[in-house]
Each structure stands twice: as structure tokens, then as C-alpha cells.
Amino acid sequence: MERFLENAMYASRWLLAPVYFGLSLGLIALTIKFFQEIFHILPHIFSVSESDMILTLLSLVDMTLVGGLLVMVMFSGYENFVSQLDINEGKEKLSWLGKMDATSLKNKVAASIVAISSIHLLRVFMDAKNVPDNKLMWYVIIHLTSCFRAFVMGYLDRLTKVNTDPFSPGGVSRWAVPPRFMLFWAGVCPGFCFA
Numbered sequence: 240m241e242r243f244l245e246n247a248m249y250a251s252r253w254l255l256a257p258v259y260f261g262l263s264l265g266l267i268a269l270t271i272k273f274f275q276e277i278f279h280i281l282p283h284i285f286s287v288s289e290s291d292m293i294l295t296l297l298s299l300v301d302m303t304l305v306g307g308l309l310v311m312v313m314f315s316g317y318e319n320f321v322s323q324l325d326i327n328e329g330k331e332k333l334s335w336l337g338k339m340d341a342t343s344l345k346n347k348v349a350a351s352i353v354a355i356s357s358i359h360l361l362r363v364f365m366d367a368k369n370v371p372d373n374k375l376m377w378y379v380i381i382h383l384t385s386c387f388r389a390f391v392m393g394y395l396d397r398l399t400k401v402n403t404d405p406f407s408p409g410g411v412s413r414w415a416v417p418p419r420f421m422l423f424w425a426g427v428c429p430g431f432c433f434a
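Under this note's numbering, the first residue of the sequence shown carries the number 240, and numbering increases by one thereafter.
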């Protein structure tokens, strides 16, 4: 009975495969929207204002970043949680395939979200005269929160990584960040919290 349950649980990971395939359908929809935006602006290329052109280009960059994020989540999520991708030797292979674990995927997703948020914020600032001040303030707060969250995630990842030093006694694993640095932050952070 136990073996059956374990096998069933292990096989249930394949339920994620249609989800990742759905992301590829989302990528098709994003590609259609991308070219729709291009074909919408091309007939008016000589009459459109410079600011409108920049806004359209920022929108295209935004969609490109989202597409890259979809590809990254789709492939590395499939490799981490479902099955390894079997790609023929003759075909081109993405350099990061098979090297991205769940933590590095999370950090890359956070960095992509910050980049997408930056592009969106730039688009908002290009049209700032039509955006109410309180809405503008919330855009900035949300962007800064995303930046802070990405920084903290990367910092915590660095703190928890260990590396083996062959010159230490017995090759014992050590923290990637020197202990003095951690002690400094242990002393500074409470000071900021209680100031």
C-alpha cells in the first residue's frame, strides 16, 4: 500500500506538464499581441509623435521581457519538477538548461519582475501628466517593494549558500559570506529596527 501511494504521488508530478504546456499557449498569445501592436503603429509611423512612439516601444520591450519570463519558468519548471528535457545533441540547447534549480529560478523571476516593473514605471512617467499623483505614488511604492524583495531574496540566497574550501581542515563547508559581515549586519539591522 505504501509503495502504491509513493508511486502515485511521484507520478502526480505529471499533472504539472499541461500547466507548462499552457504557458507555451500563453507565449503564442503574447506573440500575436506583440505583432498586433507593431501592425497597429506601422501605418502611422510618420504621423505619430515621438512620445507615443517611445510608449509603444516600451510596451513592446515589456512584452518581450514577459515572454522571456514565460520561457524561463516553462523550461526550468518542467526540468525541476516534472522530467529532464531530452534534447538531441545536434539541436541548439539553451545554456542555462539543467543548471537552474528552484532557488535560482526564483531569483531570476524576481529580477525579471523588477525589469518589467521598471519598464512599466517608465511608461507611466512618460505619460505622467495624465496620471493622478496618488496613483503615481503607488506605482513607485510597488516598484520599490519589488526591488527590495528581489534584493532580499538574492541576499538571503547568498547567505545560505555554502562552499567547500579545500584548504580548511577536512574541507568543511563554510558560509559564502564572511562571518564578520554577518555580525556587522546583525548589529546594524536591529539598530535600524529600533531607532
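Just to be clear, a hint being listed does not mean it is correct.
The calculated DSSO-like cross-link candidates involving lysine-lysine, where the alpha carbons are at most 30 Å apart (straight line), are [as the list claims (entries may be wrong)]:
no., residue 1, residue 2
1, Lys338, Lys400
2, Lys272, Lys400
3, Lys347, Lys368
4, Lys374, Lys338
5, Lys400, Lys347
6, Lys347, Lys272
7, Lys368, Lys272
8, Lys374, Lys345
9, Lys272, Lys345
Label pairs and their in silico Cβ distance ranges [unchecked claim]:
no., residue 1, residue 2, range
10, Phe364, Ala250, 24 to 34 Å
11, Ala247, Asp366, 47 to 57 Å
12, Val310, Ile280, 17 to 27 Å
13, Leu255, Tyr394, 39 to 49 Å
What the hints contain is simulated information worked out from the structure, not anything from laboratory work.
The structure displayed is predicted, hence computed values, not measured ones.
A virtual CB, placed ideally from N, CA and C, is assigned to each residue, including glycine.
Outcome of the hint check:
1. Lys338 <-> Lys400: Distance of about 16 Å is within 30 Å: holds.
2. Lys272 <-> Lys400: violated, 40 Å
3. Lys347 <-> Lys368: violated, 33 Å
4. Lys374 <-> Lys338: violated, 40 Å
5. Lys400 <-> Lys347: holds, 16 Å
6. Lys347 <-> Lys272: holds, 24 Å
7. Lys368 <-> Lys272: holds, 27 Å
8. Lys374 <-> Lys345: With Cα atoms ~28 Å apart, Lys374 and Lys345 stay inside 30 Å; holds.
9. Lys272 <-> Lys345: It holds: about 26 Å lies between the C-alpha atoms, which stays within 30 Å.
10. Phe364 <-> Ala250: 24 to 34 Å: violated, 50 Å
11. Ala247 <-> Asp366: 47 to 57 Å: holds, 53 Å
12. Val310 <-> Ile280: 17 to 27 Å: About 25 Å separates the Cβ atoms of Val310 and Ile280, which means 17 to 27 Å holds.
13. Leu255 <-> Tyr394: 39 to 49 Å: Given about 29 Å between the Cβ atoms, the range is violated.
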